[in-house]
Amino acid sequence: MRDETRTVLEEFRSGHPETFPDAFETLFRMYQRTVYGWLLRIVRNPSAAEDLTVETFWRIYRSHARFDPARGFEAWARTIATHAAIDWLRVQKAETELLVDVAAAPTSDPAISEEVRRKTAAAFSRLPPKLRVAAVLAVVEELPHKEVATALGISVTAVKVRVFRALRLLRTDLQQQGITP
Amino acid sequence: MNAHDEERIKKLLKDSLPPIGDAEPPRDLWPQMLRRLDARTVSVPWFDWALAGGLAVFTLALPASIPVLLYYL
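Protein chains in written order, with the numbering used here: chain G, 94 to 274; chain U, 4 to 76.
I should point out that these hints are in silico values taken from the structure, not numbers from a laboratory.
Since the model is a prediction, treat every value here as computed from it, not as a measurement.
There may be inaccurate statements among the hints.
EDC-like cross-link-like pairs, simulated, lysine to aspartate or glutamate; straight-line CA separation at most 20 Å [claimed, not checked]:
#, chain 1, residue 1, chain 2, residue 2
1, G, Lys239, U, Asp25
2, U, Lys14, G, Glu97
3, U, Lys17, G, Glu143
4, G, Lys212, U, Asp8
5, G, Lys223, U, Glu9
6, U, Lys14, G, Glu235
7, G, Lys253, U, Asp25
8, G, Lys212, U, Glu10
9, U, Lys13, G, Glu234
10, U, Lys13, G, Glu208
11, G, Lys212, U, Asp25
12, U, Lys13, G, Asp266
13, G, Lys253, U, Asp51
14, G, Lys223, G, Glu207
15, G, Lys212, G, Asp266
16, G, Lys212, U, Asp18
17, G, Lys212, G, Glu240
18, U, Lys14, G, Glu234
19, G, Lys223, G, Asp161
So here's chain G without its partners, still in its complex pose:
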């Protein structure tokens, strides 16, 4: 870590009124892209990802004293962002927030119809938020289980369990709609 970044992190953590505002702004500008990108992967809604980026940094602002420099700012911010996203998903109505264009899949299998894709996306949006987040990060975004575990604050085994449960629930939902994956 560069000395400048270390100084900014220390000023942020100290909360000193003279240095804290500038340190917070510097960190916001350094990490807003990372946090937004992470949130968009989870909520798949650009407008919600913007609002949640601000909400995440608001939570970061309030809990600066709990920041552990040894853990790293990015990992800490991702964990806070993931929990903010889960909170958001809990209050959303299912099937309303999957705004990222399904037809935009560059590797779409022509054997899978548009209707099946839409129903799968809708069934996925009905899953419990904690399972959805684990599945979207580990399966759709193909992130390493360890990275997902850190963001969720759980073990790698727990991530695997959540992903398995998500896939099983998804299969059951699709079967009830007459779709056999």
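Starting from the structure of chain G, add chain U where the hints point.
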């Protein structure tokens, strides 16, 4: 659900929800953040409420003390 089923449902899911990968915000979000910081509500600490409550009880129990309190304000 066996491993084969699991792979098929994973494939279907990936086909239905394309990965987003790295994405950038469409604009600088700092102005939004500033609005959020400015709009934060000023919270009154619990002990301030307790002090106000205690004072109210005191003045109700001893109304004669009100002029004295006003004198010292």
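Within a Cα-Cα threshold of 20 Å, do Lys13 (chain U) and Glu234 (chain G) meet the stated pairing?
At roughly 11 Å apart (the allowed maximum being 20 Å), Glu234 (chain G) and Lys13 (chain U) satisfy the hint.
Between the alpha carbons of Lys13 (chain U) and Asp266 (chain G), is the straight-line distance 20 Å or under?
holds (14 Å)
Checking one constraint from the list: CA of Lys253 (chain G) to CA of Asp25 (chain U), max 20 Å. Satisfied?
violated (23 Å)
Hinted pair Lys212 (chain G) and Asp8 (chain U), Cα distance within 20 Å:
holds (18 Å)
Would the hint linking Lys223 (chain G) and Asp161 (chain G) be met if the CA-CA limit is 20 Å?
Outside the cut-off at roughly 25 Å; violated.
Restraint status (C-alpha distance of Lys223 (chain G) to Glu9 (chain U) at most 20 Å):
holds (19 Å)
Verify the proposed pairing of Lys17 (chain U) with Glu143 (chain G), using a straight-line Cα cut of 20 Å.
Given that 20 Å is the threshold and the Cα spacing comes to 24 Å, the pair is violated.
Is Lys212 (chain G) close enough to Glu240 (chain G), meaning Cα to Cα at most 20 Å?
violated (29 Å)
Keeping to a limit of 20 Å between CA atoms, is the pair of Lys223 (chain G) and Glu207 (chain G) held or broken?
Violated. Lys223 (chain G) to Glu207 (chain G) sits at ~27 Å, over the 20 Å cutoff.
Is the hinted pair Lys253 (chain G) and Asp51 (chain U) satisfied, with a Cα-Cα distance of at most 20 Å?
With a Cα-Cα distance of about 49 Å, the restraint between Lys253 (chain G) and Asp51 (chain U) is violated, given a limit of 20 Å.
Is the Cα-Cα distance between Lys212 (chain G) and Asp25 (chain U) 20 Å or less?
Status violated; Cα separation ~26 Å.
Check the hint pairing Lys239 (chain G) with Asp25 (chain U) against an upper bound of 20 Å on the C-alpha distance.
Holds: Lys239 (chain G) and Asp25 (chain U) sit about 19 Å apart, inside 20 Å.
Taken one by one, the earlier hints fail for this structure at numbers 2, 3, 7, 11, 13, 14, 17 and 19, listed in ascending order.
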